[in-house]
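Engineer: Listed here are the chains, written in short residue letters.
2 protein chains.
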Amino acid sequence: MLENNTRTELSALGEFGLIKHLTEHIELKNPSTIKGVGDDAAVINYTNTNTVTLVSSDMLVEGVHFDLTYVPLKHLGYKSVIVNLSDIYAMNGQPKQIVVSMAISSRFSLEAVEELYAGMLLACQKYGVDLVGGDTTSSLSGLVINITVLGECEKDKVVYRHGAKEGNLLCVSGDLGGAYMGLQILEREKTIFKENPNIQPDLEGKDYILERQLKPEARKDIVKLFSDLNLQPRSMMDVSDGLASEILHICTQSNVGCELYEEKIPIDSQTYDTARQFNLDATVCALSGGEDYELLFTIDAADYDKVKNLPDFSVIGHITNKEKGTNLVTKSGTVAALKAQGWDALLKK
Amino acid sequence: MLENNTRTELSALGEFGLIKHLTEHIELKNPSTIKGVGDDAAVINYTNTNTVTLVSSDMLVEGVHFDLTYVPLKHLGYKSVIVNLSDIYAMNGQPKQIVVSMAISSRFSLEAVEELYAGMLLACQKYGVDLVGGDTTSSLSGLVINITVLGECEKDKVVYRHGAKEGNLLCVSGDLGGAYMGLQILEREKTIFKENPNIQPDLEGKDYILERQLKPEARKDIVKLFSDLNLQPRSMMDVSDGLASEILHICTQSNVGCELYEEKIPIDSQTYDTARQFNLDATVCALSGGEDYELLFTIDAADYDKVKNLPDFSVIGHITNKEKGTNLVTKSGTVAALKAQGWDALLKK
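Keeping their order, the protein sequence lines are chains A and B.
Here the first sequence is numbered in our numbering, starting from 1115 and rising by one per residue.
Here the second sequence is numbered in our numbering, starting from 1115 and rising by one per residue.
Please note: incorrect hints may appear among the correct ones.
Intra- or inter-copy, both count: the list cannot distinguish identical chains.
Stated by the list, open to error - Calculated lysine-lysine pairs in the BS3-like style (CA-CA distance at most 27 Å, straight line):
| hint | residue 1 | residue 2 |
| --- | --- | --- |
| 1 | K1271 | K1143 |
| 2 | K1422 | K1438 |
| 3 | K1149 | K1188 |
| 4 | K1134 | K1453 |
| 5 | K1334 | K1149 |
| 6 | K1188 | K1308 |
| 7 | K1279 | K1134 |
| 8 | K1436 | K1134 |
| 9 | K1143 | K1308 |
| 10 | K1378 | K1436 |
| 11 | K1269 | K1149 |
| 12 | K1422 | K1188 |
| 13 | K1438 | K1279 |
| 14 | K1422 | K1279 |
| 15 | K1338 | K1420 |
| 16 | K1269 | K1143 |
| 17 | K1378 | K1329 |
| 18 | K1188 | K1445 |
| 19 | K1149 | K1279 |
| 20 | K1436 | K1149 |
| 21 | K1134 | K1438 |
| 22 | K1378 | K1143 |
| 23 | K1134 | K1308 |
| 24 | K1334 | K1143 |
| 25 | K1338 | K1422 |
Please keep in mind that the hints were generated in silico from the structure rather than gathered at the bench.
Quantities reported herein were computed from a predicted structural model and do not represent experimental measurements.
Looking at chain A on its own, in the form it has when it is part of the complex (with noise of 0.2 Å):
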């Protein structure tokens, strides 16, 4: 993956000169970017008094979040920007600059670099975000990512983890569960190959996990529709450590409990197959896999009407008070108390 017809060593260019390459060409595209790459920092001017600013940042370490002997780098640079845009959305915001940090180690070419960053401001494009500076440094191992997004939100539209109310609906956007499996494909895979490099990955009827790993979205249209359809959200958060640890989060911080249906937890045809496949519980993925950035939120019950139409929200359970605790409804009836078993990259050895 890493191959190339060409391969231009990183210190032909030095630090200075590689980041020189990768920004020259950079178009700073939202008014509020005064100044982009090439200080000793970036200036925005975000002139809309009745707004503040959102700031996020996510690091991304190769070996513990990401696998190269499975994950283009341009994909890679994609979603490394897409897992910073989704915190802001979860925010009820519109990013609108990031600054990415990067450790490569010099196994790395210019060209490989290159791709990184051609994932990295596709995905700038696609969102209408700036790439506005950063640092660039060598890695004594493996490649290591740290973005930083900065965004902005009407003050009175802001959605914080702690706003949950009882009697809230608990909804989610999308369907949940999909990173997580094409994931153990990709790993399949992987043992595969290393047993028999002849043999040829078998992807065959997977590209929807598939993309849902590799390359996934960040939710814009959600908050977008928040604003057409003028709902405000009382708390939100995004779906990356799994659906039971986020919900968890709400409850925690909001003061409250939950029923969550496992019923109404929105999984797609393929994810829920290819659990099968792999002899796993669909409901435990999608409560517990992770990555699916998609948004979960409440709502009052008075907003139903509102969106009880729209194909891209579930409405998956309500808020309690807290005495309740956090309960799972299961399929049979059952009454269990949700358990975060979510991917801790921190237990990662």
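Given the structure of chain A, go ahead and fit chain B onto it with the hints provided.
Structural biologist: Structure of chain B alone, referenced to chain A:
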């Protein structure tokens, strides 16, 4: 250095537990910080419509930027914040918030991470900055720290690298080369220790240059002085890669030349003497050593009277037209082209 009386494994807390443990006692000090750690993004409200937002990011990688065999974790945490604040001061701004991402290997104990964090928070406290968010993940190899800093500056006070004008005086704060000589001392003692672990390190009389390396400060005071003196530099950047490299950045971006006078370069006597002990030229250390985090700037010649008696400013040359080139006038009066041999992290393997 990683030893401690008690050792708590990070896996005992998990990612969310660790973040909570490290951040729950953080007190937010800046009125602009609306929401810090604990949501998808931090929320910041710069209410002054006359200001712009500054943003900068730096990544520090173990084995490339620091060596834990002689850098105490608390000092590392402190320095990792300082190098970022320095970028905001270099724009003539005031840093207000930082976002911290860390990749930590399992060889670190909770107590070690606490030390690192304590250093970061100490720097935040000293410089009036809020730690508002970040990401904590695991690393398969070394420690990686990425800090993004946000700051503010009055719109018409921002100082870029590209503003130097012919006739400007070239100035620098403090003294140069000390951090580099401190590093030479630490590297020497490490080599000696490896050969014979019973020999005590000989750091006698090297306190100043060791502090320059291990616990640098950012020049908040100089930015305040600019304000007090009503002095608007025409161009500015901080000295992180070495004086020569930084002067060339300013000249290239401003499309000008310069004359730098060797005899005017401020070098502390401890730096000078240590360079001699190491058979190094102190001027070369100042030109190419880096990590000084002093401010390099140019001012109108008419402003000379404002700075001429200040103890911590040195006028080291002047800006010429581009055709004259970027030159160093040596102590013997020879004129030589200025060369950047700065510390280029990408060339390190």
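Engineer: Hint by hint, where does the structure go against what was stated? Just the numbers, ascending.
Structural biologist: 9, 12, 18, 22, 23
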